[in-house]
Structure formats: C-alpha cells, structure tokens
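Trainee: Chains as they are written, first to last, in the numbering used here: chain A, 10 to 104; chain B, 2 to 146.
Incorrect hints may have been included.
Only part of the chain A face toward chain B is listed, based on derived beta-carbon distances under 7 Å [stated by the list, open to error]: (1) Tyr-23; (2) Phe-68; (3) Tyr-72; (4) Gly-91; (5) Leu-97; (6) Ala-101; (7) Gly-102.
Derived from the structure by calculation, the hints contain no laboratory data. Each residue gets a CB set at the ideal place from its N, CA and C atoms; glycine is no exception.
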Amino acid sequence: MAIEVRIPTILRTYTGGEKSVEGAGATLAALIDDLESNHAGIKDRLVEEKNGADDLRRFVNIYVNDEDVRFLGGLEAELSDGDQVVVLPAVAGGC
Amino acid sequence: MLTLDQATYDRIVAHAKRDHPDEACGIVAGPEGSDRAERVVEMVNAAGSPTFYEFDSTELLELYKQMWDNDEEPVVVYHSHTATEAYPSPTDVKLASEPGAHYVLVSTREHGNNQGPVEFRSYRIVDGEVTEEEVTVVPAPAAAG
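With the rest of the complex left out, here is chain A (with noise of 0.2 Å):
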C-alpha cells in the first residue's frame, strides 16, 4: 500500500519531474529502499554512510505527517499506509 513522498524540485531529476511519488515500506529506511527502486539515485542523495552505517544526511529534512523524523527515531521511523512523507532540502549556509 502506497505512502504519499512530496520530493523537492531539486530531487525532481531522479522522478522524471514528478512533485509527489508514492512508496512503500514499514520504516523510512524500507520507503527509501523502495523509492531507489523505482528512482535510482535518489538513496544517495537523502542518505550517507555514518561509521558504518546509514544515517540521513545533516542538510536533508524528512517529515512525516509534518513531524521531523529526527524526533521520529530518524531512519528507523515506523510508517503506516496513508502516511505523508515530505522531503526538504535544508535552507542552509555560511561564511
């Protein structure tokens, strides 16, 4: 069953355009798994290697039901059909 994902415009390139996909998956680790299956490239660019194992990036918002899944237990967030995950790039920088 299908979990609604609002990518941003810079992501736009790995869904062919699209504003919004769905997936599926238990966790954001699993929705991610099965977003890189249908959009290859997308993994690498909300996910990095963090001593051994995968951490979300530090610049890279994901909500989930307008929650920060940093308060959500980040990659290991349970998710439920009819979730709405938003992806956001931080609005970030400095000198």
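With the hints as your guide, set chain B onto chain A.
Mentor: Then chain B, alone, in the frame of chain A:
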C-alpha cells in the same frame, strides 16, 4: 536579472541590519513560474550565529506548505554576511538547493546595525556554479498580470 520593488529591498536590508552581528535569513515568495518577488518571509536563523544560518526545520515545513497552498515558490532566498563580502561562501554554494531561486546576499560588515549603505548582490547557484546577476530596484510593485 533580479527585479525587486523598493519596499521589498528595504525590508531585506532592515532585517539584515536588525539581526547583525548574527546572519539574517529569509525568502521572498512569488507566484510559481512568475519570477515576481512579492512576499517577504523573514525566517529565524536557528543557528543564531554570525557565521552560519539555517531555517528552523519546523518553520521550513510550514513555509513550504504555505507556498504550496498559494501556488508560490521561493523566488528569492536571502541571507546576510556580517563580516565578509556579499558573495556566496563555499558552504553557501554546497548547500544551495533551490536552482530556480535568486540567492541574495547582503553584507552588513561596514555599518552593522547602523544607518548606511550595504552591499546587496544577487546570484544564481546551480550545480555548484555561481553566476552573479544585476539587481534592479523599482519604485513600486509591478502591476499584477
């Protein structure tokens, strides 16, 4: 080229001066595809730092949901540099994630919180490449349509 009306320009400059010596940041939203910078949204710099800025993640989501509801997009993404020139730093370039936006940099290094001119420059940042563009300030908002 970036075209801004005087009121929008003044609000960005006032925000940068007010938050000095910390970096100020925000956007100017406009109708999708219009390239019209119409609605200034001042954001809190969650980093609260003179050398770094970051939109708070919860406010970032609220901002984008608002823009989606209004069929808007970020036409301008602005921030200030408080001790260096108004040119995108390597970090600014690396983290730039709105290829369609005008990235405005304001430097308050000369006059800080006080009256006086600022450097006000605009850039496109696409795939790590920085291109400066002209900024034109017009007296009144352009007529709609």
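Trainee: Now look at each hint and say whether the structure bears it out.
Mentor: Going down the list of hints, with the structure as the test:
The interface hint given for A/Tyr-23 is broken, as the beta carbon of that residue sits about 14 Å from the closest beta carbon of chain B, more than 7 Å. Interface hint status for A/Phe-68: upheld, as the beta-carbon distance to the closest one in chain B is roughly 6 Å, under 7 Å. Annotation: A/Tyr-72 was flagged as interfacial toward chain B, and the flag holds, the nearest CB pair being 5 Å apart, inside 7 Å. Because the closest C-beta pair between A/Gly-91 and chain B is about 18 Å apart, greater than 7 Å, the hint is violated.
The interface hint given for A/Leu-97 holds, since its Cβ lies 6 Å from the closest Cβ of chain B, which is under the 7 Å cut-off. Interface restraint check: A/Ala-101 against chain B, minimum CB-CB distance 4 Å, threshold 7 Å, status holds. Checking A/Gly-102 against chain B by beta carbon gives a least distance of about 4 Å; that is within 7 Å, so the hint holds.
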